[in-house]
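Trainee: As they're listed, the protein sequences go chains A and B. Under the UniProt record's numbering, the letters of the first sequence match residues 1 to 392, in that order. Under the UniProt record's numbering, the letters of the second sequence match residues 1 to 392, in that order.
No lab work stands behind these hints, which were simulated from the structure alone. Any given hint could turn out to be false.
Any copy will do: because identical chains look the same in the list, a pair fits if it lies in one copy or spans two.
[As the list claims (entries may be wrong)] Calculated pairs, SDA-like style, for lysine to any residue (alpha carbon to alpha carbon, straight line, at most 25 Å):
| hint | residue 1 | residue 2 |
| --- | --- | --- |
| 1 | Lys357 | Glu231 |
| 2 | Lys54 | Glu321 |
| 3 | Lys314 | Pro247 |
| 4 | Lys279 | Gly131 |
| 5 | Lys367 | Arg205 |
| 6 | Lys279 | Arg306 |
| 7 | Lys279 | Phe250 |
| 8 | Lys27 | Asp212 |
| 9 | Lys334 | His162 |
| 10 | Lys314 | Met1 |
| 11 | Lys209 | Ala318 |
| 12 | Lys24 | Thr172 |
| 13 | Lys274 | Ser159 |
| 14 | Lys367 | Arg199 |
Protein chains: 2
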Amino acid sequence: MLPGIGVFGTGNVVKVIVPFLREKGFKVEAIWGRTLNAVEEVAKELEIPFHTNKIDDVLLRKDVDLIFIICSPNLHAQIAVKALGIGKHVLCDKPAGLCQGEALKMVRASQYYPSLISIINHSLRFLPAFGQMRRAIVDGYLGQEGEITVCDVRVQMGSLLHDAYDWLCDDTMGGGVLTLVGSHVIDLVSHLTSQRAVRVHGVIRTFTKTTDYVNGIRHISSPDFCAFQMEMSGGALVTATLNNHLPASFSQEVLICGQAGHLMVRGGDLYGRKSGSTKEDVIYLDVEDLQRGGAINSTAANAIPRPYMKGLFKMIGALREAFLPVEDKRGWVKEPVALAATFEDGLYVQAVIDALKKSNANREWVKVNVITEEPDPDPLLSAAVRRSTISM
Amino acid sequence: MLPGIGVFGTGNVVKVIVPFLREKGFKVEAIWGRTLNAVEEVAKELEIPFHTNKIDDVLLRKDVDLIFIICSPNLHAQIAVKALGIGKHVLCDKPAGLCQGEALKMVRASQYYPSLISIINHSLRFLPAFGQMRRAIVDGYLGQEGEITVCDVRVQMGSLLHDAYDWLCDDTMGGGVLTLVGSHVIDLVSHLTSQRAVRVHGVIRTFTKTTDYVNGIRHISSPDFCAFQMEMSGGALVTATLNNHLPASFSQEVLICGQAGHLMVRGGDLYGRKSGSTKEDVIYLDVEDLQRGGAINSTAANAIPRPYMKGLFKMIGALREAFLPVEDKRGWVKEPVALAATFEDGLYVQAVIDALKKSNANREWVKVNVITEEPDPDPLLSAAVRRSTISM
Numbered sequence: 001m002l003p004g005i006g007v008f009g010t011g012n013v014v015k016v017i018v019p020f021l022r023e024k025g026f027k028v029e030a031i032w033g034r035t036l037n038a039v040e041e042v043a044k045e046l047e048i049p050f051h052t053n054k055i056d057d058v059l060l061r062k063d064v065d066l067i068f069i070i071c072s073p074n075l076h077a078q079i080a081v082k083a084l085g086i087g088k089h090v091l092c093d094k095p096a097g098l099c100q101g102e103a104l105k106m107v108r109a110s111q112y113y114p115s116l117i118s119i120i121n122h123s124l125r126f127l128p129a130f131g132q133m134r135r136a137i138v139d140g141y142l143g144q145e146g147e148i149t150v151c152d153v154r155v156q157m158g159s160l161l162h163d164a165y166d167w168l169c170d171d172t173m174g175g176g177v178l179t180l181v182g183s184h185v186i187d188l189v190s191h192l193t194s195q196r197a198v199r200v201h202g203v204i205r206t207f208t209k210t211t212d213y214v215n216g217i218r219h220i221s222s223p224d225f226c227a228f229q230m231e232m233s234g235g236a237l238v239t240a241t242l243n244n245h246l247p248a249s250f251s252q253e254v255l256i257c258g259q260a261g262h263l264m265v266r267g268g269d270l271y272g273r274k275s276g277s278t279k280e281d282v283i284y285l286d287v288e289d290l291q292r293g294g295a296i297n298s299t300a301a302n303a304i305p306r307p308y309m310k311g312l313f314k315m316i317g318a319l320r321e322a323f324l325p326v327e328d329k330r331g332w333v334k335e336p337v338a339l340a341a342t343f344e345d346g347l348y349v350q351a352v353i354d355a356l357k358k359s360n361a362n363r364e365w366v367k368v369n370v371i372t373e374e375p376d377p378d379p380l381l382s383a384a385v386r387r388s389t390i391s392m
Numbered sequence: 001m002l003p004g005i006g007v008f009g010t011g012n013v014v015k016v017i018v019p020f021l022r023e024k025g026f027k028v029e030a031i032w033g034r035t036l037n038a039v040e041e042v043a044k045e046l047e048i049p050f051h052t053n054k055i056d057d058v059l060l061r062k063d064v065d066l067i068f069i070i071c072s073p074n075l076h077a078q079i080a081v082k083a084l085g086i087g088k089h090v091l092c093d094k095p096a097g098l099c100q101g102e103a104l105k106m107v108r109a110s111q112y113y114p115s116l117i118s119i120i121n122h123s124l125r126f127l128p129a130f131g132q133m134r135r136a137i138v139d140g141y142l143g144q145e146g147e148i149t150v151c152d153v154r155v156q157m158g159s160l161l162h163d164a165y166d167w168l169c170d171d172t173m174g175g176g177v178l179t180l181v182g183s184h185v186i187d188l189v190s191h192l193t194s195q196r197a198v199r200v201h202g203v204i205r206t207f208t209k210t211t212d213y214v215n216g217i218r219h220i221s222s223p224d225f226c227a228f229q230m231e232m233s234g235g236a237l238v239t240a241t242l243n244n245h246l247p248a249s250f251s252q253e254v255l256i257c258g259q260a261g262h263l264m265v266r267g268g269d270l271y272g273r274k275s276g277s278t279k280e281d282v283i284y285l286d287v288e289d290l291q292r293g294g295a296i297n298s299t300a301a302n303a304i305p306r307p308y309m310k311g312l313f314k315m316i317g318a319l320r321e322a323f324l325p326v327e328d329k330r331g332w333v334k335e336p337v338a339l340a341a342t343f344e345d346g347l348y349v350q351a352v353i354d355a356l357k358k359s360n361a362n363r364e365w366v367k368v369n370v371i372t373e374e375p376d377p378d379p380l381l382s383a384a385v386r387r388s389t390i391s392m
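Next up, chain A with everything else stripped away, as it sits in the complex:
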């Protein structure tokens, strides 16, 4: 039987996901929002039977077995760790948390409850074009493995901000193009190339500090532009340009070059060209209609770019499969979501984001360091304790 779902968050994405979850047969039992006013409105609009502004009131419900965390990143770790601790499956929006320390707590929780499903919403992995791209790379379209030379990613889109001040304006709460789009790019290219970032360099900027809606004493600290380079473990070089200065448009191109050819995903379509070939191969064209069944409110559908939404829908489809086999006593298997980003992947992405922020601050290349122990909250105190222990 499909698990009952508890949703954390009241953003536009929620308005897209809830109808789609129902279409797939899931029951959405409860929703949490930061304020009662906001969550009441969304619960009414989406006809969700229970709403609250208390986290535990959703987590402890008996009819909720799967948690969708789609709120501001500063709450991700807290909710995810608690949910796993009381035996609930978790799908957590990207990025994993605000820093590696938070992401590591999530990893620990997922390792402690290995039978529970715990995945990060890096939905592009599920977009068919990228599935095909990965298969082509594994099959040697670009040459032998390790022969990948350059990955170039470009995302051009409008502002990520809403018409009011909220966490999206705030760098310290996880807003901005690096955490919200860059995290996807880091996960995607690492997944596609089977290589991990070793050393990175980034330029992160906030050009638009005020808008018609955010001005006066408040200003925007979340970045609206980011360009970064990553040296990968297998020798590939990744360059990415993420730009929020093209209002009302969205274009995303992912190019991967190897000695034997190149592959390019534009939007949801995959093109390729083998070296020496006189023409471009059209490997996959995305003609499937997202709006089938009419379940998706078209204005809400504009909330997230098409490739991300489509990947998310495919991922929810995989999640459904994970819960369908009835012969399994536990009621679920993990295989259908094996493709999904794990909390470990989330920790790695967070490590790269931390390195990019440090690179930007210090204008230097920074080695990616995935932590395995929680950072010491007060290194000076600890050192003093060590000294006093030694002197005793």
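Mind docking chain B on chain A? Use the hints.
Mentor: The following block gives chain B in isolation, referenced to the frame of chain A:
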């Protein structure tokens, strides 16, 4: 009367330019090549009456008044300085030279003979789409001046190498994507934004070190990939990705964003969008046919990408106008080529290239330093001399 032309170089570009020069009414009197064999062949094919492998034999000819330097960059400065010194006009291919020292010598020569025309072949300035883009920026399409936020340039193309080992394979002779394409990009964005690079960061790579034609004891040292960022004097941030790993194709996109809108040149066409507008403006479509008059050999036309060739043709048209006004006693005026890149511009571009190379070598941001004095060839010796002078 139009001046007689002496051409330096025997590459494919020469085979495109010479017929076009004739179509415009110029007489090509002499050609120089590195080897007699090579130059003899090209002279015969292009029906140029005089050929030689001695530089002076072209420069000293009485029927030659305008020099086209389209050979390897290591010879640019030497030929340009000599030509100006004996009163000949010079069009010199980019980059100005191999280093700032060479470019500075060219600047000095052009300053010493200010009435002579001395321009660098940064032909994209003459491409109509970029002329329109510059006008739109000046007219405030992107907002007030200084409100430019991001310029993003992407050039994707095939290999720059020929089917044999030559200077294009050699970094120290000026080969590679940074000097040959990057120099254009640096000049173009500086020209379009009326800002200059202050601080730069670059990643320069040679992924393809051998080919079917270059292997064994020889290998390729010229870069085939380059990604760089430039902080501009007016606050704009430039990002550029130049990629030689897409065989048999060419795509070039120049995006400039401001607070009030953005402008994008794709190929030879200009698009724009004002903030708040619901649709993209098609500002300029390049429908003019390059092949008019049949003057251009189509295989040769593949030698340089269309926007560069078209810009070059427009520049030659301007050069023609410069020599047309008969009422001027000297026989030429500089106004029609006022748009062209000067040798000073060439020095600036060279300073940026030098800074990018240093940035790549040291993995750091580097301040752009345009030299005004020739670098000391032996700083240790000079210091010793100064010390001995002081002690005397």
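Trainee: Now tell me, hint by hint, if it's right for this structure.
Mentor: Now for the hints, and whether the structure bears them out:
1. Proximity of Lys357 to Glu231 under the C-alpha cut-off of 25 Å is found in both arrangements, the shortest distances being 16 Å within a copy and 18 Å between copies.
2. In this assembly of identical chains, the alpha carbons of Lys54 and Glu321 never lie at most 25 Å apart, being 31 Å within a copy and 77 Å across copies at closest.
3. In this homomeric assembly, Lys314 and Pro247 never come within 25 Å of each other (Cα to Cα): the closest approach is 27 Å inside a single copy and 34 Å across copies.
4. Taking the shortest alpha-carbon separations for Lys279 and Gly131, only the intra-copy value of 22 Å comes in at or below 25 Å, while the best inter-copy value is 33 Å.
5. In the homo-oligomer, the alpha carbons of Lys367 and Arg205 lie at most 25 Å apart both inside one protomer (21 Å) and across protomers (19 Å), since each shortest distance falls under that limit.
6. When the C-alpha separation of Lys279 and Arg306 is checked against a cutoff of 25 Å, the pair qualifies only between copies, where the shortest distance is 19 Å, while the shortest distance within a copy is 28 Å.
7. For a Cα distance limit of 25 Å, the shortest separation of Lys279 from Phe250 across copies, 13 Å, qualifies, whereas the shortest one inside one copy, 27 Å, does not.
8. For the homomeric pair Lys27 and Asp212, neither the shortest alpha-carbon distance inside one copy (39 Å) nor that between copies (61 Å) is at most 25 Å.
9. In this assembly of identical chains, Lys334 and His162 lie within 25 Å of each other by CA distance neither inside one copy nor across copies; the values are 36 Å within and 53 Å between.
10. In this homomeric assembly, Lys314 and Met1 come within 25 Å of each other (Cα to Cα) only inside a single copy, at 19 Å, whereas the closest approach across copies is 71 Å.
11. When the C-alpha separation of Lys209 and Ala318 is checked against a cutoff of 25 Å, the pair qualifies neither within a copy, at 40 Å, nor between copies, at 44 Å.
12. For the homomeric pair Lys24 and Thr172, neither the shortest alpha-carbon distance inside one copy (35 Å) nor that between copies (62 Å) is at most 25 Å.
13. Proximity of Lys274 to Ser159 under the C-alpha cut-off of 25 Å is restricted to the inter-copy arrangement: shortest distance 14 Å between copies versus 37 Å within a copy.
14. In this homomeric assembly, Lys367 and Arg199 come within 25 Å of each other (Cα to Cα) both inside a single copy, at 4 Å, and across copies, at 23 Å.
Violated hints, listed in ascending order, are 2, 3, 8, 9, 11, 12; each of the other numbered hints is respected by the structure.
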